[in-house]
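Colleague: Here is how the chains run, residue by residue.
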Amino acid sequence: MTVLAVEDLSVRFDTDDGVVHAVDRLSFGLEQGEVLGIVGESGCGKSVSVMSLLRLLPPTAHVDGRAEFDGVDLLSVPTSRLQRIRGREIALVFQEPMTSLNPVFKVGNQVGEVLRRHLGLDRRAARARTIELLDLVRIPAPERRVDEYPHQLSGGMRQRVMIAMALACDPKVLIADEPTTALDVTIQAGILDLMRDIRERLGTAIVLITHNLGVVADIADRVIVMYAGRKVEEAPVHELYAHPQHPYTVGLLGAVPRPGAADEQGRLREIPGRVPSLAELPIGCAFAPRCPRADELTRSRSPELSEIRPQHFVACFHPGPEWQER
Amino acid sequence: MSAVEPTLEVVDLVKHFPVSGRLLSTSSVVHAVDGVSFSIGSGELLGLVGESGSGKSTVANCIMRLTEPTSGTIKLKGHDITHISRSALRPLRRDMHMVFQDPYSSLNPRMTCGQIVGEPLRVQRLARGKGLDGRVVRLFDQVGLRPELRFRYPHELSGGQRQRVGLARSLAVSPSLLVADEPVSALDVSVQAAVLNLLHDLQHDLGFSCLFITHDLATVEYLCDRVAVMYLGKIVELAPTKELFRAPKHPYTQSLLSAAVVPDPEIQRTRTRIVLEGDIPSPISPPSGCRFRTRCPVAHESAPASVNEDPPLLDVGGGHYVACHLVRPGEHAPRLIDTAELRA
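Residue numbers (our numbering), protein chains in the order written: chain P, 1 to 326; chain X, 1 to 344.
The set of hints was computed from the structure by calculation and includes no laboratory data.
There could be a bad hint or two in this list.
Claimed, not checked - Label-pair restraints from in silico Cβ distances:
hint : chain 1 : residue 1 : chain 2 : residue 2 : range
1    : P       : Arg-201   : X       : Glu-243   : 39 to 49 angstroms
2    : X       : Pro-287   : P       : Ser-302   : 52 to 62 angstroms
3    : P       : Asp-197   : X       : Glu-243   : 32 to 42 angstroms
4    : X       : Ser-282   : P       : Phe-105   : 20 to 30 angstroms
5    : P       : Pro-272   : X       : His-204   : 12 to 22 angstroms
6    : X       : His-300   : P       : Glu-200   : 27 to 37 angstroms
7    : P       : Arg-201   : X       : Ser-20    : 41 to 51 angstroms
8    : X       : Glu-243   : P       : Leu-305   : 43 to 53 angstroms
9    : P       : Ser-76    : X       : Ser-282   : 42 to 52 angstroms
To be verified - To spell it out: a stretch of chain X is covered by chain P in this simulated footprint if at least three of its residues, at any positions, have a beta carbon under 8 angstroms from a beta carbon of chain P; those stretches are:
hint : region
10   : 190-198
11   : 246-260
12   : 268-276
Being a predicted model, the structure only gives us computed values, none of them experimental.
Every residue gets a Cβ at the ideal spot worked out from N, C-alpha and C, and that includes glycine.
In isolation and in its complexed conformation, chain P is listed as follows (with noise of 0.2 angstroms):
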């Protein structure tokens, strides 16, 4: 069953220095129980098209599209049935767990505040299922931390608790926006593993996002590659990494250090260039001055998506799993 569904959206922000096309007619569904990973490096959008989604864009954003949740569509909506989603239905983790916790107030406070607000619970009533929230998420000693202020937690602890305070609605829907990016490895492992269990258990849809290719191939049942805005690939996530298409994706997958990854001399994959600014894109792919296969056709056009392989969608002119067609 599709929980979510988003259909182009585009998300433009005019800014001094003209119109920034930050997000530029993404669809994804999202199924009952799954996990999409959204991968792409700083400023590919992937952050800017699920706060759009929420409409926790500033009023310079003009966002479009449709996204379809429950019946209703998010993007058009009024406010006071969108605030009974937010946080209810749909529930948004962010990357910091330090700022993103109210250093005046209690763990119990905050946590509470989302079951006082959304499902009417009183005092009482929230503070036990604060402690079973907490308890959920694998906190140690979840009666005593119910009492203490975020700066009393560790940065995985910070974290565990923005994740508690997610799920206190059983929400449908999880997005996950860098959830361990701030954190160690060996906390990160402990993060996914609670993501995991909370998909198994509650049936959460999650929407990853993350610039980690390492987390998504442990998690993710389902990959898209963003670029500049775009969705450039989107696939299984053993078919994607088994069978990469895009130049960008394979390019990205050759740059990650790992065993195995440094060719005869000892030198990692390199991208050349650098990701294009998003007021001044080229007219073609946007792929096209720093992609090994680029020709004419790719700088006057810019690539559709069209599903090359069973359920393997990519937007290139040439695709193919190496770096160097030609």
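We have chain P already, so just place chain X on it with the hints.
Modeller: Positioned in the frame of chain P, the structure of chain X alone reads:
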């Protein structure tokens, strides 16, 4: 690495930061670095790996004398530099340079990139005027930057370009030791690879020694000759890179290797993983005995020794040093993971 004189020798380095006592508590100290010893041979790259709070950056800052060590000895090419005065240190600054993590805050925004790269040469009175500009152009060329960029300011450059400027500045005086503290952590993946390749090539061409500090084990495997793993202010394992990745012995190193994610779902989802319980303990009151015992998956096997005694860093053969009660020369180390699983 049996060079007559190592480029850098660190012996029993300790750095404690005092914490002012508040309310009723008495003043205490943060044990940031607690007895760290290692050496870096001529032309050698040593990786120093650890999680946040392990003390790896403090080690770097002590070596650069940006922080005064509490005790211990630091020798640069045989000279004891642990306590020498700033003025006596100045000529030695030519021999060691640092690349910082954040290319956004480690370059002076009011200087052009050319001035930034030329500054060490100017300060050390190695070049001036036309000669200086020529050297700067050559350095820009060496790190793969167009020479025109020397007239630009740091904010006009991308993160990757800025880190290249940082590298060019460090290499300007041809130091024999480069200390690189997480030089690529702030960069995007596609840019990271280019900077790592550059560092790899420069080291090959110029032959400097390097202390490469990172939290990312995979980078170390690609770049370094030997690796030291730190946990809570101590080195728990030190070995040649190949050996460390083939046969990691300390339970912490094994946990760290098992927790690092591999960008391949086939491997990532089938390999054995150890998830450590809890968080890294506070360096204000580190656990007695072995510092890793509170999270160690095999702590029960080494008790009660692990509670009472701090295991020394011992050579278990072939330059492989381990600080663990369960790892003794000539005996099998506890094997928690199979490293062959990590490779396709």
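Colleague: How about the region 246-260 of chain X: do at least three of its residues have a C-beta closer than 8 angstroms to a C-beta of chain P?
Modeller: Since 5 is at least three, the answer is holds.
Colleague: Measuring from beta carbon to beta carbon, are P:Arg-201 and X:Ser-20 in 41 to 51 angstroms?
Modeller: Since P:Arg-201 and X:Ser-20 have Cβ atoms about 46 angstroms apart, the given range 41 to 51 angstroms holds.
Colleague: Given the hint of 42 to 52 angstroms, is the C-beta distance from P:Ser-76 to X:Ser-282 inside that range or not?
Modeller: holds, 50 angstroms
Colleague: Quick check: does the Cβ-Cβ distance between X:His-300 and P:Glu-200 fall within 27 to 37 angstroms?
Modeller: This hint holds: roughly 29 angstroms between Cβ atoms.
Colleague: With a Cβ-Cβ cutoff of 8 angstroms, does the region 268-276 of chain X contain at least three residues near chain P?
Modeller: The restraint on the region 268-276 of chain X holds, since 5 of its residues have a Cβ under 8 angstroms from chain P and three suffice.
Colleague: Could you check the hint for me, namely that P:Arg-201 and X:Glu-243 are 39 to 49 angstroms apart, CB to CB?
Modeller: holds, 41 angstroms
Colleague: Taking the Cβ atom of X:Glu-243 and the Cβ atom of P:Leu-305, is their distance within the range 43 to 53 angstroms?
Modeller: holds, 47 angstroms
Colleague: Okay, P:Asp-197 versus X:Glu-243 on CB: inside 32 to 42 angstroms?
Modeller: Hint holds: Cβ distance 36 angstroms, inside 32 to 42 angstroms.
Colleague: Given the range 12 to 22 angstroms, decide if the beta-carbon distance of P:Pro-272 to X:His-204 lies inside it.
Modeller: holds, 21 angstroms
Colleague: Residue count check for the region 190-198 of chain X against chain P: does it reach three with CB-CB under 8 angstroms?
Modeller: holds (count 7)
Colleague: Per the hint of 20 to 30 angstroms, is the separation of the Cβ atoms of X:Ser-282 and P:Phe-105 within bounds?
Modeller: With Cβ atoms ~23 angstroms apart, the hint holds.
Colleague: Can you tell me whether the CB distance of X:Pro-287 to P:Ser-302 sits inside 52 to 62 angstroms?
Modeller: Once the Cβ atoms are compared, 58 angstroms apart, the range 52 to 62 angstroms for P:Ser-302 and X:Pro-287 holds.
The structure meets every hint from the earlier list without exception.
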